[in-house]
Structures are given as C-alpha cells and as structure tokens.
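Undergrad: Okay, here's what each chain looks like letter by letter:
2 protein chains.
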Amino acid sequence: MATLTTLALDAMGGDNGPSIVIDALTQALTTFTEIHFIVVGDEIELQPLLRQAQLLGHPRVTLKHASQTVTMTDKPGYSLRAKPDSSMRVALELVATGEAKACISAGNTGALMTNAYFTLKTLPGVLRPALVSAIPQQHEKFSLMLDLGANPVCDSETLFQFGVMGAVAAQEVLGIQQPRVALLNVGEEETKGNDVVKATAVLFQQSPIINYVGFIEGDDIFANQADVIVCDGFVGNITLKSCEGLADLLLNNIKDNIHEHLLTRWFVKLFYRRLQRSWNWLKPDHYNGASLIGLRGVVIKSHGDANARAFFSAIEQAVAETQRDLPARIRDCVEQVLLEQE
Amino acid sequence: MATLTTLALDAMGGDNGPSIVIDALTQALTTFTEIHFIVVGDEIELQPLLRQAQLLGHPRVTLKHASQTVTMTDKPGYSLRAKPDSSMRVALELVATGEAKACISAGNTGALMTNAYFTLKTLPGVLRPALVSAIPQQHEKFSLMLDLGANPVCDSETLFQFGVMGAVAAQEVLGIQQPRVALLNVGEEETKGNDVVKATAVLFQQSPIINYVGFIEGDDIFANQADVIVCDGFVGNITLKSCEGLADLLLNNIKDNIHEHLLTRWFVKLFYRRLQRSWNWLKPDHYNGASLIGLRGVVIKSHGDANARAFFSAIEQAVAETQRDLPARIRDCVEQVLLEQE
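So the protein sequences, as listed, match chains L and G. Heads up: the first sequence runs through residues 0 to 341, numbered per numbering that gives the first Met the number 0. Heads up: the second sequence runs through residues 0 to 341, numbered per numbering that gives the first Met the number 0.
Any given hint could turn out to be false.
Copies of the same chain look alike in the list, so a pair counts if it fits in one copy or across any two.
[Stated by the list, open to error] Derived pair list, reagent style DSS-like, types lysine-lysine, alpha-carbon separation capped at 27 angstroms: (1) 82 to 120; (2) 191 to 74; (3) 74 to 197; (4) 191 to 120; (5) 82 to 191.
Quick caveat, the hints were computed from the structure, so don't treat them as lab data. As the structure is a computational prediction, the values presented were derived from the model and not from experiment.
Kindly produce the complete structure, drawing on both the sequences and the hints.
TA: Spelled out as structure tokens, the structure:
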C-alpha cells in the first residue's frame, strides 16, 4: 500500500462556515485516493456535518478538535496571542510537526499569514513569505503574480527573491520551463519607476538563473507577456482587487443591458450565464487558492467567500504543491542563488 | 459680443495624426460657439487638412506653426531640451502667456507632464501637479482618481494635496458637493498599509475642509464608495492600466464565445457591439481626457490612441475646467489649507 499524504483543513475559516469545507472534502476523497485529510475545528459543530456526509469513521478522514476560531475581523496579532487553539493555528501546527504536508484555510488572510509565519517560519535564506496566485491570460493560460498582499513594503532583495520563488512555482506547479519573469512598473524603459523596482531590475539582470524579461505595465498583466509577475504586496493587492471590482462593474453593466431590452432578454440571459461562469474563472483569488510560499510547508489560502468548488480547487492546489514538494524546490533554488551571490 | 475663450490644440500629438484633431475641432466649433481655437503644428501638414474641412479662414480658428513634433518615444527630458519649438511646447506656452486658457494634447504623456511643469509651473503652494481622470462607477456615475502616473513616488503632504485638489475638481467639474475623499490602501483598518498612506490618513483626518471617508480597497474603486480616490502615481498608473488590460481580456473572451457558437453568432454580435461601446466608456483614459491639475493653467491629456470622439471629449473637459476656472479654484483652496496649517 502506498503511503498516504496528509493534508490539514481549517474547517472553521471563511464566510460560509464548515459545510463548504465538508462538501469539498467529499469531492476530494473521491478525486485524490492517496490523500488523508485531517479536518480541524469545533468537533461539536463538525461531527454532525461529517455524519451527514457519511464521512464519520472514513478511513482517510480524521477529525481534530480545536476549541477556538479566528473570525474574519480578528486582527492578525490578536489571533496569534489570544487564540493559540484556533482551528487555523492547529492546522498549521500539524504542518510544522510534519503530521501534515499542507494546510488549507479560507480564513482571515492577515491572520493566516501571521500564524503561518509564526508557526512554520521561512525557509533558510528566504527573507519574507509571499502570497502568490495564478492569474488568467489570453487563450486560457495562466501566469503567477506575487506578492498579493503579504508584504505592503518590500526592498529590492525581497522583490528579487519573489522572482526566484515565483519562477520555481511556475516551473513546478504550472509546468513552465524557464519561466519569463517580469517586474510590474509604470513604464518599460529602464529609467521608469521608483528606486526599489530599478534596483530589483539590476538584481534580475545580474542573475544567471532568472529568465528576466524586463518591466511590464499594468495593461500587460493579462497579455501573456510574462509567466511570473513581481510586485510588492501593496501594488499587487490593489491591482488584483481593482480588477475584481471592474469585473463586477462590467457584469452589472451587462445586467442593466438585459433589463433595457425586453425582446433580447431571454437570449442575453443565456449568454450572461456563460459570461458569469467565465468571469468567475477570471477572478483568480476567488476561484483558485492563493499560496503562501517561502515557508517550511505548503499553505493555501482559499478566498473568504469560497464555495465548495473554490475550496476544492484550493485542495487541488495543495495536492499539486505537495506532490512536487514545492518548499524543498524553493529552498534548493534560494540556496543556489545565495551561493552565486557570495 | 461676448469675449471668446481661447483653447490651444496640439495637433501633432497622438498615434493617429492631426486628422483626428481636425475632425474633433469641426465638432467643437459647432458645439462651443464662444470658443476660439489655436491649432498648433506643422502648417504644411495642417493647412490642407483645414482646407479640406473648410476651416481655413474660419473666424474662430487660428493656425499657429510649430516646426517640431514630440514623438511618442521621445524621452521627456529630451523633448524639453531638444524640441523647444514642438507643437506641444508652443501650445503650452500659449497658456503660459495667457493667449490661451487651456492646452489639449494627445501626445506623449511623460513629455506633456515635463513640458507643462516646466512651462506653466505649479500654483502657489502646490507641491506637485497630478494626473487625474474620471473613472466609472455603478449607475453611470463617475469618481475622480489621482495621481495616475505623474508622480511615481509621493510623500504624505503630496498625497494630502492630491486629495485637496481632487476635491476641488470633483466639486467644480463633476458638480459634487462635499465630495467624499478616500485613500487607496490594502485594507480598511487604520493599521493597514505603508507609512506614507498612514501619515496621509492623519492629515486628512485633521483637515476641516476635507470630507475624508477613510481607506478603500481596490475592489471598491468602482463601487461608488468615494468621489475622489487618492493614491501615488505608481499605484494609480498600474491599477488603471491593469483594469484596461482586464477589459480587453474579457472582450476577447466574449469574442471566443461568439466563434464557438455558430447559431448564436449573429445575435451575440449585436450584443457584443453594445458591450464594446459600453466598455469603451469604461476605459476612462482612452475615452475621456485626463487632466494635469495643480498647474497655472488647464492641461488636458487625451489618450495617445484617441480617435476624434475621444479628442472631442478632451476638448469638452478643457471647456468645463476653463469655464469654472479650475486652476483659480485650486489655488484658493490650497491657500486656505496652508493658512489653516499655520
């Protein structure tokens, strides 16, 4: 019998409660037959849900009680100090002790980053963990973008490392050989931007292992100009969220068009449903997990308003990163870069 | 007879050449009967175009020769040093000398900002000019966002002034009383973001004349949460351009949907055309002018790939700002703020 890989699910995070986690788990047990899941959270709440889903006593499901829950409004520092027995923290500790290979949570992003950093620590040589997500490109391709909010302020060394880690992730998870790494900036010329991006560009240019393709502007984020797009967490977070805001505005605009025209209503509604599906796919952090990389273990953040389909997608991502042992690949690559810099 | 207001048009800027400027001028002469236009550029090229449009000798059209043209790839510093007789610079000088009230150009953005700053100077007390544009909100409303790229690095005093200038513009140009001013950030809590946005928030909170509504996140840019959205030019430029990139991706995605389904093709094409029109409206800097505010004169930047409709829209904006004497209103308000701070 093959050894099972274990993943820890924070069942209490997210806006939609534990039931979406249990639904996603049901699907994951069928899809991934060599994965064992530890479901972490309030057993009083979880036992009936697991029973209802006929998963109580399932050979590949373990329920682990945690007496506290991090709420969506808890400050990160508070969650760390006041909630040592939260489902989120307990799930992360299972990764820290080696009992699980990955933690998946739809909980409070700030709290997850803080608890993960505290519990798992960064890999040797890694300055800061980064939040990375796959963003859609033309022709249904994907690129990775980081940092999406873990680090609102970054120096050039940190941005450079994000490029290194992102390249490893693009290669291992997206299967892209020699991924093109680009820096997000306000222009393509070398003289553009602030001092930090200019200094980071120099580091990329000097590095023999990075396939650096230069600066890209905002309108090229979705134009398949790069496989890894590097920026600080301030720019990354605002950029991605504003795109989601625009997608919502456009969808509402289409809805308004529907209401205007009685005759075309039925027809357009069909089309609208197709679009809505496509656009859900286009909202990356809602419909795919974001990974917190650079840590000694796999941590996947599913969106706060994730449904079962989105949480399942986050589990899929955890499986992919675990199978490729992404933390070990990142550690090796960062080590190589540090040796080259000596 | 009422005194005519004079506007200067840089006829040589933009990717589409002077003909779109002449087309826009034709429309503007009909719409604005009390405006006199000085068309600045190469007379050898412009005379035939004006003749063809039956505008040569028009009582409200003056042709002013300029022997040089700033190209879209000229570096800003180079355009300033090497092209003192460019159509852009001559048009700006007409504003500086008081011969014209506003300059409208579809030329190279960086060059326009540099030449405008050099030629017109900032208003008394204004630290930096800012590029501002109206961005669409739900229910066809608009908000102003600034800075969109004139200043990639800003301190808190500068961002605070952007809020002051943006509020004046929202009141004068959009007609919004007590405009809600918000700061773009990675979270709504006071502890979020970098030191500059935190310090700017304090300045807004202390100011009696600003209706400050706090931080907003990227997904609220289009959600009618604020009338004036303040950020540095690095974040503003990348955010707006990435939204444009997303709109293009979505439009392509719809095109792909059309090709997939033969039966629905005809019908969806009609709808697609409607969408394309709406979305053009949703690409603010393509289809409305961006204003460079904080200077001693009105400067409107039309998009590089502006068509006649877009250039006309930039002229409309110049008329609105000129009629309200926006520079004087900004000067008064900045003066008041400086007095309060003493």
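Undergrad: Evaluate each hint against the coordinates.
TA: The hints, checked one at a time:
Proximity of residue 82 and residue 120 under a CA criterion of 27 angstroms is satisfied intra-copy only: 18 angstroms inside one chain copy versus 56 angstroms between copies. In the homo-oligomer, the alpha carbons of residue 191 and residue 74 lie at most 27 angstroms apart only across protomers (11 angstroms), although the nearest pairing inside one protomer, at 36 angstroms, exceeds that limit. For the homomeric pair residue 74 and residue 197, the shortest alpha-carbon distance between copies (17 angstroms) is at most 27 angstroms, but the shortest distance inside one copy (34 angstroms) is not. Taking identical chains as interchangeable, the C-alpha atoms of residue 191 and residue 120 lie at most 27 angstroms apart only when they sit on different chains, with a minimum of 22 angstroms there against 35 angstroms within one chain.
In this assembly of identical chains, the alpha carbons of residue 82 and residue 191 lie at most 27 angstroms apart only when taken from different copies (21 angstroms versus 45 angstroms within one copy).
Comparing the model with each earlier hint shows no violations; every hint is respected.
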